[in-house]
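Chains as they are written, first to last, in our numbering: chain A, 2 to 372; chain B, 3 to 560; chain C, 85 to 308; chain D, 58 to 158.
Heads up, some of the hints might be wrong.
Derived SDA-like pairs: lysine to any residue, alpha-carbon spacing no greater than 25 Å straight-line [to be verified]:
| id | chain 1 | residue 1 | chain 2 | residue 2 |
| --- | --- | --- | --- | --- |
| 1 | C | Lys210 | D | Phe92 |
| 2 | B | Lys166 | A | Ala22 |
| 3 | B | Lys299 | D | Ala134 |
| 4 | A | Lys173 | A | Ala22 |
| 5 | B | Lys508 | B | Pro529 |
Quick partial rundown of chain C residues pointing at chain B, CB under 10 Å, derived from the structure [said to hold, decoys possible]:
| id | residue |
| --- | --- |
| 6 | Leu109 |
| 7 | Ile125 |
| 8 | Gln233 |
| 9 | Glu278 |
Hints are computed from structural coordinates only; laboratory data are not their basis. In this text, a Cβ means the ideal position worked out from N, Cα and C, and glycines have one as well.
The primary structure of each chain is shown beneath.
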Amino acid sequence: MFAQMSFLPEQASAVAGKVDALFLFLLALTGAVALGVTVLIIGFAIRYRRRPGAEPATPRIMGSTWMEVLWSTVPMVIFVGIFVWGAQIYLTMAQPPDDALEIYVVGKQWMWKIQHPQGQREINELHVPLGRPVKLTLTSEDVIHDFFVPAFRTKIDVLPGRYEHVWFQPTKTGRYRIYCAQYCGTNHSGMKGYVDVMEPADFDAWLNNRAEGSLALEGRKLFLKLQCITCHSANSRAKAPVLENLYGQMVSLRGGQAVLADDNYLRESILAPQAKVVLGWEPIMPTFQGQLDEEDLIKLIAFIKSLGPGQTPVRTEDAEPPIAPSIPTSPLLLPPGNALPNSESSPTIRQTPAVPSYTLPRGAVEKAGPP
Amino acid sequence: MSSVIAPYRPQSAPEPAPVSQLDVNYLNASYGVKSWLLTTDHKRIALLYLVSLSLMFIIGGLAATLIRLNLLTPTGSLVTADTYNKLFSAHGIIMVFFFLVPVVPSVLGNFCLPLMIGARDLAFPRLNLASWYVYMTGAALILWVIFSGGVDTGWTFYTPFSSKASHTDVVPALVAIVFAGFSSIFTGLNFIVSVHRLRAPGMTWFRLPLFVWSLYATSVIMLLATPVLAAVLILVGVERLWGIGIFDPALDGDPLLFQHLFWFYSHPAVYIMILPGMGIISEVITCFSRKNIFGYKFVAFASVGIAVLSFLVWAHHMFVAGQSAYSALIFSLLSYLVGVPSAIKVFNWTATLYKGSVTFHTPMLFALGFIGLFTFGGLTGLMLAALGLNVHVHDTYFVIAHFHFIMVGGMVMAYMAGLHYWWPKITGRLYPEMWGRVAAMIIFIGFILTFIPQFVLGYQGMVRRSHVYDPQFQVLNVLSTAGASILAVGYALPLTYLIYSLFRGKKAGPNPWSATGLEWQTPSPPPTHNFAVQPVVDCGPYEYSLQSAELGADVHGN
Amino acid sequence: MATRNASVRWHHFDSLQHQQESTTLGMWVFLATEVLVFGAIFTGYTVYRVAYTPSFEAASRQLNLLIGGINTIVLLTSSLTMALSVQAAKSGQRRKLVRCLGLTALMGIAFLGLKAVEYYGDYRDKLVPGLSFDPVQWTAPDVHPSQVQLFLIFYYCLTGLHAVHLTIGIVIIAILAWMARRNVFSPHYYAPVEIWGLYWHFVDLIWIFLLPLLYLIGTRDRWL
Amino acid sequence: MSKIKTTEQIASASLYYAVYIALVILTIGTVGLSFCNLQNWHTIVGLIIATCKATLVALFFMHLLHSARITWLALFAGLFWLAILMSLTLTDYLSRSWLQY
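Just chain A, same shape as in the assembly (with noise of 0.2 Å):
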């Protein structure tokens, strides 16, 4: 009921009523809290207006230790409340469920450019399945963006140098805005365009309509036309570690500690080599700062994390795979706990899943440093 009323913004994610409901809730303590001060203070100034010709003679009251620490003590436990209230949506929001779609975005002055794992790529708009948890890894190619999407009730600063998340489940098809709302410069306030929520089945039918090759498949291309294949092959040759099954494990770095191989990494191991040296392996790899902008990276990282045991590319001339048969790609029609990049339809991937061969409990990841 109360979503209908006119002030609040359509609802259509799973986190957005709970949202709301923190909002009316507090709209009502803190409203009856402004009404109770502001009834006492015009109720007091107007039973104790002086009256003409009276004297201004008060009584000469100092204080009251009781009432002190009763409006000290019970806003305090109020705020406690609210406070552990608005952390949990908010712990909600931060961790996204491990069947999340996952699609990339990028944003740059002023444009929201969205690219997903099949290959699909979007400018200023983004086109997700009703239904599905949606995880977006989003980063920036000039100063700091925002995504923010009213409706669903999310917002994340988008920043140059590292990936965000940001999670949501569409609940209703339509379009909704994406605004930019940390200020970027001269069209701030043009950086927007819409998410489209489609029936699952309607989805699929535009991802397959709009085919171009997937994301780890353009990744793979990359690979192999930079050359990175000469080191990371899987052969006993290689001078760098096989990058299969590598993304979400433990590595083992020279000088004792372990990372863990998020995107991150993946993306901190392209751009800066020398900064996290594999254990066992010589710092020799260049940097390609400077060489790749940002979409490429996210072809790079999403063909790692789609390697799955004996997916390495064998000869450089595998460039151009052969064109696969297409395969159900609707996130509903497949099974649980396989995440949609993983099993896409690269060639030379097969149909088993190639999720990480183990999942790290959260919080058990050894601290690292900033960005």
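Take the given structure of chain A and dock chains B, C and D to it, following the hints.
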């Protein structure tokens, strides 16, 4: 008035001062431009600040006017996007760094603090004058930057936009703000040493007026936060000039580090703005309800508590900026802590009215308006501090409305209350009371109309710093602009009648409000050295009940 | 004597002693502010120092410890002469006061001179990001040119800000020496010597922390 | 504050020289230690020695030892706020990668 037995009892009674003393005051003790530009009298320096800050307020207000006019239509038909960005940057920079932060300490604080503690001047008069010159240097520089092309970074100067992408005069703007910062450091230093060393005999810590307590707490923030701002702005300048990467992720820097250091100043700066306002309200509420403040020590310690806690909450400006979720949890919890002392103050002011003898003079109307608006602004702060909710409203007009409620609804209302309260002391003249009340009402109504729609806009998803917006937001934006025009009339009124009062206002006499503070025990305007004889204090600051009891009915006959 | 005291006492203080206590407190409060000016930059330094330890250690080893060490001694000596100046002022030894203040200022100048030599050496060694920097020489494992640059930027910002403070100190100490020659100070009035002494010692304190943070964060095998 | 304290404050020159010698020895010590292999402990050791030196300078050269409580308070405020700045900033950096996405 001859029988006044004021709670502050000067050693020799504050009889109507001899004619010769009344004649010579700080305003007419000497004439000429030089006697003003080289003055070390805190009261004259306060007036120098008053004039320069009013000018800055008008310029910042003009920028706001253009912004609101541009937002009348969704397509932003008045100015170009670049101009719009420069306008809101100019508005933010001028209002925050060159008006709100210095205004109450530098004008009312400078004027009143020595009088209220019974001192002949601030501890370092020459430093005080120097701080005005430093401020003016910064102000001149920022005006030059704004009128020679402007700066388009917003007042927050987020990197890497400010250090790499912006093509405007960022570095001179940074330098100007560093100047303004040093000016407030000097002022804060002066206040702290004065409160410690120059209190009149008998003026113990718990007999200090609450305005002095709040100025003291403000000074602590000024001294300990401003240097961080100076340092981080210098780093941005170095990065920009030198082309290196302190905060540039392409060179292994971290843009969030800038935000941490920036908000370490800029969040406490909000309390630099609001704390002195709270002090003013304590003075005005007690005076116009003829009551002791309810819970003096709690209000005083709440000021100090706010000063300390304000430093522990800065990263609530960064909940969606990419800081760690654990850090966000810590800062959210701490943000709620700082709400407690503010709540204590509001409840105590309300309780002070209880069984008072309330009159509705202009300062009181402004003060009551302050309590209402500040309460509302503070309560919306609770919403912003709730993590899950913050994600949605962050960087939207909800935030804009929230901080305008605190800074304009709170701070500017309080400043108006203080200005009207001490105006007779400063100038020796009374302003037309009726016009004052009208202005207070107009400002209150205009303010509500301007900023309530912005809360709704923000929750509906209109992002801040928008030159153009979606058509469904237009109705509320037009409403807001309409409110802003009422607000503009409201602000123009005091400017007019206060200047008018300088020439035609009735003589005020030393104590038109029958107030208890030491500043009212000396003629209006005060003589150059404030007091003819050293005052001695033997009771608390708000003994209106005792005063009334001893004086009988005619105490408030004005 | 009385009239001279009256001329240096401001009207709003009860006595010279009252005034001196107030100015001393003022300087201490100002120094607390200064702690945070440097503290902000230290915080930035700390963040990157924790994140990029190997690069920071490698870069630190390239700094000239010989000059850094000598400069530390120079500054400590100047602090000694400054402390002796305050003592001389308190006990009214005018010639000693002038001599000690002069020595202090001279040692400050010596520090800046050595620092200039060091900066020039850094420039020749290609340790100045933006002006003269050689990314190729940083090849050790885990060492990155961009992170080395970050260390160097903080090195220049911190030592540069320190040098600015020192320069201000030198000018003021020189003025005080000149005033002392003109016999302005007496055992009753020496507040300026006292408070600017505090300032000078503070600048020394900053350097005491800069030495380990900039020069001594990795194991060294050579001075330069 | 009182007159008596002021006369007490005139410390003997020999104390200053002693402090100075201690400072020089500590400086030589800390520089010397940088040639020993302390692994990750260089900064910690360096900061501890620097804190000792700073304490000596503050207590004796800056007369903190005989100063009023308010002077201590000013110094404490500066250091305390620096601690706030550093520790709360580091809560972010040190916990950045705890929560995995």
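Here is what the structure says about each hint:
Between Lys210 of chain C and Phe92 of chain D the CA atoms are separated by roughly 24 Å; this keeps the pair inside 25 Å, and the hint holds. Proposed proximity of Lys166 of chain B and Ala22 of chain A is contradicted: the alpha carbons are some 41 Å apart, above 25 Å. For the hint pairing Lys299 of chain B with Ala134 of chain D, the CA-to-CA distance comes to about 22 Å; that is within 25 Å, so the pair holds. For the hint linking Lys173 of chain A to Ala22 of chain A, the alpha-carbon distance of about 18 Å falls within 25 Å, and the restraint holds.
In summary, the hint linking Lys508 of chain B to Pro529 of chain B is supported, as the alpha carbons are separated by about 19 Å, within the 25 Å threshold. The beta carbon of Leu109 of chain C comes within 5 Å of a beta carbon in chain B, closer than 10 Å, and the hint placing it at the interface holds. Using the Cβ-Cβ criterion of 10 Å, the hint placing Ile125 of chain C at the interface with chain B is satisfied: the shortest such distance is roughly 5 Å. A least Cβ separation of about 6 Å between Gln233 of chain C and chain B falls short of the 10 Å threshold, and the interface hint therefore holds.
About 15 Å separates the beta-carbon of Glu278 of chain C from the nearest beta-carbon of chain B, more than 10 Å, and the hint is not met.
When each numbered hint is compared with the structure, violations occur for hints 2, 9.
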